[in-house]
Amino acid sequence: NAGVTQTPKFQVLKTGQSMTLQCAQDMNHNSMYWYRQDPGMGLRLIYYSASEGTTDKGEVPNGYNVSRLNKREFSLRLESAAPSQTSVYFCASSYPVTSTDTQYFGPGTRLTVL
Amino acid sequence: KQEVTQIPAALSVPEGENLVLNCSFTDSAIYNLQWFRQDPGKGLTSLLLIQSSQREQTSGRLNASLDKSSGRSTLYIAASQPGDSATYLCAVTSGSARQLTFGSGTQLTVLP
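Read top to bottom, the protein sequences are chains A and B.
If you read the first sequence in this note's numbering, its first letter stands for residue 1, the second for the next number, and so on.
If you read the second sequence in this note's numbering, its first letter stands for residue 1, the second for the next number, and so on.
Okay, chain A solo, but in the shape it has when bound:
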């Protein structure tokens, strides 16, 4: 049981390049989330998928797209990377049925855009 896995762990891009961050969970969770964390700040929600086949914008969606490929996988795409997207990206998943449900987080992807 690996929990939430993310690839890659580190990435350096040049301005204008594109890339896709991959996330997978093996806990049979319905909901998946993408967050970014900037220095000295908490995590901010980029996009989420409440269930397979649905996606919605979070607090900071501009410059990103997502795909819920199946129940296990949720990818985040940067079409044209900008230096402002330098951040640590976390994927999370949950089975949000009751008020005791928590989100489980992956180890993060550290992205630098030059």
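Hints are supplied without guarantee of correctness; some may be wrong.
As the list claims (entries may be wrong) - For lysine to any residue, the following SDA-like pairs were computed, each having C-alpha atoms within a straight-line distance of at most 20 Å: (1) A:Lys9 to B:Gly43; (2) B:Lys42 to A:Arg68; (3) B:Lys1 to B:Thr26.
Claimed, not checked - Just the calculated beta-carbon pair ranges, DEER-fashion: (4) A:Gly63 to B:Ser96: 23 to 33 Å; (5) A:Asp56 to B:Asn22: 39 to 49 Å; (6) A:Glu52 to B:Pro82: 42 to 52 Å.
As the list claims (entries may be wrong) - Residues from chain A that keep clear of chain B, each with C-beta distances beyond 10 Å, as calculated: (7) Ala2; (8) Gln17; (9) Met19; (10) Asp26; (11) Gly53; (12) Asn62; (13) Tyr64; (14) Asn65; (15) Arg68; (16) Glu73; (17) Gln103; (18) Pro107; (19) Thr112.
Calculated from the structure, these hints are not laboratory results.
Since the structure is predicted, the reported quantities are computational estimates derived from the model, not experimental observations.
Where is the CB? At the ideal position from N, CA and C, for every residue including glycine.
On the provided structure of chain A, position chain B as indicated by the hints.
Frame of chain A, contents of chain B only:
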């Protein structure tokens, strides 16, 4: 829009001290409040989750309280140890998507 604030931003204490971390939130319509721990370069680990109907939760040396009406929570750490050094994040679950809104964290250093 839900906003979460944590005070202090950083805290340094000698080993053995008891300490309190504070969290406040603006919208009391929450499902739960969680405290997470984040070690440098790592992901988040959930420490305690308090349902909106509860007043507190305890796990070992950690005790978290929730006063939903005033929009406040505290995390109490008893007999602190150097291994407690980390960033502690408070987050509330709210909204139809049950999304988490995080505070900016308290960076704790426990000196041996």
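Hint check, failures only: Of the numbered hints given earlier, those the structure breaks are 2, 5, 17 and 18, listed in rising order.
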